[in-house]
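Asker: Each chain, letter by letter, is given below.
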Amino acid sequence: DAGVIQSPRHEVTEMGQEVTLRCKPISGHNSLFWYRQTMMRGLELLIYFNNNVPIDDSGMPEDRFSAKMPNASFSTLKIQPSEPRDSAVYFCASSDRDYKNIQYFGAGTRLSVL
Amino acid sequence: RKEVEQDPGPFNVPEGATVAFNCTYSNSASQSFFWYRQDCRKEPKLLMSVYSSGNEDGRFTAQLNRASQYISLLIRDSKLSDSATYLCVVSLHNNDMRFGAGTRLTVKP
Chain A
1 DAGVIQSPRH EVTEMGQEVT LRCKPISGHN SLFWYRQTMM RGLELLIYFN NNVPIDDSGM
61 PEDRFSAKMP NASFSTLKIQ PSEPRDSAVY FCASSDRDYK NIQYFGAGTR LSVL
Chain B
115 RKEVEQDPGP FNVPEGATVA FNCTYSNSAS QSFFWYRQDC RKEPKLLMSV YSSGNEDGRF
175 TAQLNRASQY ISLLIRDSKL SDSATYLCVV SLHNNDMRFG AGTRLTVKP
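Note that the protein sequences, when read in sequence, are chains A and B.
In terms of the numbering used here, the first sequence opens at residue 1 and continues consecutively.
In terms of the numbering used here, the second sequence opens at residue 115 and continues consecutively.
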């Protein structure tokens, strides 16, 4: 299996622009998670989906952030408009219904908002 | 108080040394416990689960003390390749995982 695939790996954008991060979970996994990692705050859960349905989005910082999972093999995290404080590494992870607590992470998207 | 607290380190040890990391968690209802490893500029990867009776995987030993809400990871005979950040992870229930900020380990020749 190719593992969790995220794109792009790096994104540099200007403040105010829309940013879309993409994730393909491991085939057969039914839970998908979006995390953000910064030096100051560590790894924070933003939102997670179970069977394509958003279950907990309490970690989403504000209305500028939105996430979708239109099908079992694809999810997006969108930031509009982006701000410099959104600069971070964004990870997507997925887990299997029988082993929910073992999450497999993608390589991450390193976002820089100038 | 943070939900999961770890000593950030860094721990700098020579090859062959034994090193131990500690982690405390605040929610006594936590049910599952893990150690993840994160290499520089890479994603976190599961190192091992932590069971109530303690468990060992090669040079790595994990312990859980529910009464003290404390988790530990012991690495024996450390290798250069063990250099990484070790994340303590605590789960209240399925899909609700809380990560510690990590402890950085550097093993030197």
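Just so you know, the hints here were simulated from the structure itself, not pulled from any lab data.
Backbone N, C-alpha and C define an ideal beta-carbon position, used for all residues, glycine too.
Incorrect hints may appear among the rest.
[As the list claims (entries may be wrong)] With a straight-line cut-off of 20 Å between C-alpha atoms, the simulated EDC-like cross-links for lysine to aspartate or glutamate are:
(1) B:K116 x A:E11
(2) B:K156 x A:E44
(3) B:K222 x B:D153
(4) A:K78 x A:D96
(5) B:K156 x B:D191
(6) B:K222 x B:D191
(7) B:K159 x B:D210
(8) B:K116 x B:D210
(9) B:K159 x A:E44
(10) B:K159 x A:D63
(11) A:K24 x A:E83
(12) B:K156 x A:E11
(13) A:K24 x A:E14
[To be verified] Computed Cβ-Cβ distance ranges for the label pairs, DEER-style:
(14) A:S7 x B:N179: 20 to 28 Å
(15) A:E14 x B:A181: 20 to 28 Å
(16) B:T220 x A:P84: 39 to 47 Å
(17) A:I102 x B:P124: 24 to 32 Å
(18) A:D57 x B:D153: 26 to 34 Å
(19) A:Q17 x B:S167: 26 to 34 Å
[What the hints assert, rightly or not] Partner residues aside, some chain A positions facing chain B, computed with beta carbon under 8 Å:
(20) G28
(21) S31
(22) L43
(23) Y48
(24) P54
(25) Q80
(26) P81
(27) I102
(28) G106
Asker: For each hint, tell me whether it holds in the structure or not.
Answerer: Status of the hints after comparison with the structure:
no. : hint                        : result
1   : B:K116 x A:E11              : violated, 31 Å
2   : B:K156 x A:E44              : holds, 16 Å
3   : B:K222 x B:D153             : holds, 16 Å
4   : A:K78 x A:D96               : violated, 25 Å
5   : B:K156 x B:D191             : violated, 24 Å
6   : B:K222 x B:D191             : holds, 12 Å
7   : B:K159 x B:D210             : holds, 17 Å
8   : B:K116 x B:D210             : holds, 15 Å
9   : B:K159 x A:E44              : holds, 16 Å
10  : B:K159 x A:D63              : violated, 30 Å
11  : A:K24 x A:E83               : violated, 25 Å
12  : B:K156 x A:E11              : holds, 16 Å
13  : A:K24 x A:E14               : violated, 26 Å
14  : A:S7 x B:N179: 20 to 28 Å   : violated, 42 Å
15  : A:E14 x B:A181: 20 to 28 Å  : violated, 52 Å
16  : B:T220 x A:P84: 39 to 47 Å  : violated, 31 Å
17  : A:I102 x B:P124: 24 to 32 Å : holds, 27 Å
18  : A:D57 x B:D153: 26 to 34 Å  : holds, 29 Å
19  : A:Q17 x B:S167: 26 to 34 Å  : violated, 52 Å
20  : G28                         : violated, 16 Å
21  : S31                         : holds, 6 Å
22  : L43                         : holds, 4 Å
23  : Y48                         : holds, 6 Å
24  : P54                         : violated, 12 Å
25  : Q80                         : violated, 25 Å
26  : P81                         : violated, 27 Å
27  : I102                        : holds, 6 Å
28  : G106                        : holds, 6 Å
In summary, the structure is inconsistent with hints 1, 4, 5, 10, 11, 13, 14, 15, 16, 19, 20, 24, 25, 26 from the numbered list given earlier, while agreeing with the others.
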